[in-house]
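Place chains B and C on chain A using the hints.
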Amino acid sequence: MTAFISILVGIMLIIGAIFAAGAALGINRLPDVYTRMHAASKAGTLGSGLMVLALGIYSQQWDDFMRAVATVCFFLLTAPVSAHLIARAAYVVGYRPCKETSIDELHMKKKNDDA
Amino acid sequence: MTNMVFLMNLLLAAAWGAITGSFTPLNLIFGYLLASIALFLIREQVAFREYTQRAGKLLILAGSFFLELVLSSWRVLMIVIKPKIKLHPGIIAVPLTVTEDFEITLLANMVTLTPGTLSVDVSEDRKILYVHCLNVPSPGETINGIKDGFERQILEAFR
Amino acid sequence: MSGFDAFAADFLYACVSISLFILGVSFLLIVYRIIKGPTLPDRIVGLDLLVVVAIGLIAVVGVGSTYTLYIDISLALGLVGFLATVAFARFILNRGQAKDFIIMQEVKQTERVEEQKQ
Chain A
6 MTAFISILVG IMLIIGAIFA AGAALGINRL PDVYTRMHAA SKAGTLGSGL
56 MVLALGIYSQ QWDDFMRAVA TVCFFLLTAP VSAHLIARAA YVVGYRPCKE
106 TSIDELHMKK KNDDA
Chain B
89 MTNMVFLMNL LLAAAWGAIT GSFTPLNLIF GYLLASIALF LIREQVAFRE
139 YTQRAGKLLI LAGSFFLELV LSSWRVLMIV IKPKIKLHPG IIAVPLTVTE
189 DFEITLLANM VTLTPGTLSV DVSEDRKILY VHCLNVPSPG ETINGIKDGF
239 ERQILEAFR
Chain C
28 MSGFDAFAAD FLYACVSISL FILGVSFLLI VYRIIKGPTL PDRIVGLDLL
78 VVVAIGLIAV VGVGSTYTLY IDISLALGLV GFLATVAFAR FILNRGQAKD
128 FIIMQEVKQT ERVEEQKQ
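Residue numbers (my numbering), protein chains in the order written: chain A, 6 to 120; chain B, 89 to 247; chain C, 28 to 145.
Just chain A, with the same shape it has in the complex (with noise of 0.2 Å):
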């Protein structure tokens, strides 16, 4: 029982090594703070909650399982919301998007409204 735990801890650990590695790719190859923050809210939650849900896992007692659920639980919750607030806040003091964007509609309301 032990071992198999052992080698789902290991596994788990790993995975979510890969997902916050690409995140970090992710935050240097992606071309502007939009896109960015796509790559750091996402990748990076769920490989951070993976290793934390690991450790629960890893410990075999029901309090420090619980624990962790609980953290993972509070992580998803925040994660989103930080990063809402980022790119609200960037959107607002005026950041522009990249020249890739094909579209952007809270521009074009945006210039209505002072129009």
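Don't read these hints as lab results, they were simulated from the structure.
Owing to the predicted nature of the structure, the values given are computational and were not obtained by experimental measurement.
Errors might be hidden in some of the hints.
[What the hints assert, rightly or not] Okay, derived cross-link-like pairs now, DSBU-like style, lysine-lysine, Cα gap no bigger than 30 Å in a straight line: (1) K215/B - K63/C; (2) K215/B - K235/B; (3) K145/B - K215/B; (4) K126/C - K63/C; (5) K126/C - K174/B; (6) K135/C - K63/C; (7) K145/B - K235/B; (8) K63/C - K170/B; (9) K126/C - K172/B; (10) K63/C - K174/B; (11) K172/B - K215/B.
[Claimed, not checked] With beta-carbon atoms standing in for the labels, derived distance ranges: (12) F190/B - F128/C: 34 to 42 Å; (13) I45/C - F190/B: 38 to 46 Å; (14) H176/B - S29/C: 49 to 57 Å; (15) L129/B - L106/C: 36 to 44 Å; (16) P36/A - F34/C: 43 to 51 Å; (17) M166/B - G30/C: 32 to 40 Å; (18) S29/C - E188/B: 53 to 61 Å; (19) F128/C - F154/B: 38 to 46 Å; (20) D99/C - S110/B: 18 to 26 Å; (21) S29/C - T185/B: 57 to 65 Å.
Virtual Cβ for every residue (Gly too), placed ideally from N, Cα, C.
Leaving out everything else, chains B and C in the frame of chain A:
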């Protein structure tokens, strides 16, 4: 009414914990299951059917949310490791059917954690959600995806 | 201790080492983005991700040292990181609306890049 049933279920679970003398999470979950069986037995009196249906819909909502989270991370990973990144990002306006603040918050959070979308702003009259998309070949499809997926599920679970 | 048990222990040890290595590399990548910028929100996204990866690193260290109290540490770090990101976002919003000089320069730069490409 539904909240009352949920409260009764929690109280019965707490009572189970008290009489067995241990408040470990496992025992409380077991007590909760026992309490829901007990409530199921008196379902005629407490409108239990509605309660189970709603709980089932909430579970479906949570399950599809986790699935989408994994899918979206996978897609971001695939985009990032490709040698040449070719993207057409954009900000699109999604008209909202949900009206309560709580539901809008939930929808915006879920949109942020699902494939290729990130909520940027809500219009002041709370009718339009502005969503930044990683890749928008056709805005209409993305809007329909959000409206048919999460918004419908949220409406079903909380109305 | 059977052969399978020994293999599982070795496997876990190897996994911990590999994930520590991957996380170290991602730390370097994120720090590169934080230093390079080019804008303030970019750096804040980098700091946010740095905290998230640090939480993962703490969990891996916890598995490596079989010390489960690390769960509470990662929860506390997640709280602090979230509050820090919220504070940074408020900072951008306030300074931007007050027309802070450096932020306005960065904004103009992003606008200029956009015009050049069109």
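Hints, verified against the model:
1. Note on K215/B and K63/C: the hinted pairing is violated, with a Cα-Cα distance of about 38 Å set against a maximum of 30 Å.
2. Annotation: proposed proximity of K215/B to K235/B holds, straight-line Cα distance about 13 Å (limit 30 Å).
3. Distance check on the hinted pair: K145/B and K215/B sit about 25 Å apart at the alpha-carbon level, within 30 Å; holds.
4. Among the hinted pairs, K126/C with K63/C is consistent with the structure: their alpha-carbon atoms are about 23 Å apart, no more than 30 Å.
5. Proposed proximity of K126/C and K174/B is contradicted: the alpha carbons are some 34 Å apart, above 30 Å.
6. Annotation: proposed proximity of K135/C to K63/C holds, straight-line Cα distance about 18 Å (limit 30 Å).
7. Restraint check for K145/B and K235/B: the C-alpha separation of about 17 Å stays at or below 30 Å, so the hint holds.
8. Restraint check: the Cα-Cα separation between K63/C and K170/B comes to about 22 Å, which is no more than 30 Å; the hinted pair holds.
9. With a CA separation close to 37 Å, the supplied pair K126/C and K172/B exceeds the 30 Å bound.
10. Taking the CA atoms of K63/C and K174/B, the gap is about 22 Å. The hint holds against a cut of 30 Å.
11. For the hint linking K172/B to K215/B, the alpha-carbon distance of about 38 Å lies beyond 30 Å, and the restraint is violated.
12. Between F190/B and F128/C the C-beta distance comes to about 40 Å, which sits within the given range of 34 to 42 Å.
13. Judged by the Cβ atoms, the range 38 to 46 Å given for I45/C and F190/B holds: they are separated by roughly 42 Å.
14. Separated by about 55 Å at the C-beta atoms, H176/B and S29/C satisfy the suggested range of 49 to 57 Å.
15. The given range of 36 to 44 Å is respected by L129/B and L106/C, whose C-beta atoms sit roughly 42 Å from each other.
16. A hinted range of 43 to 51 Å holds for the C-beta pair P36/A and F34/C, which are about 45 Å apart.
17. At roughly 38 Å, the beta carbons of M166/B and G30/C sit within the given window of 32 to 40 Å.
18. Checked against the given bound of 53 to 61 Å, the beta carbons of S29/C and E188/B, roughly 57 Å apart, stay inside it.
19. At roughly 45 Å, the beta carbons of F128/C and F154/B sit within the given window of 38 to 46 Å.
20. Checked against the hint of 18 to 26 Å, the pair D99/C and S110/B passes, with Cβ atoms roughly 22 Å apart.
21. Evaluation of the 57 to 65 Å hint for S29/C and T185/B yields a pass: the beta carbon distance comes to about 59 Å.
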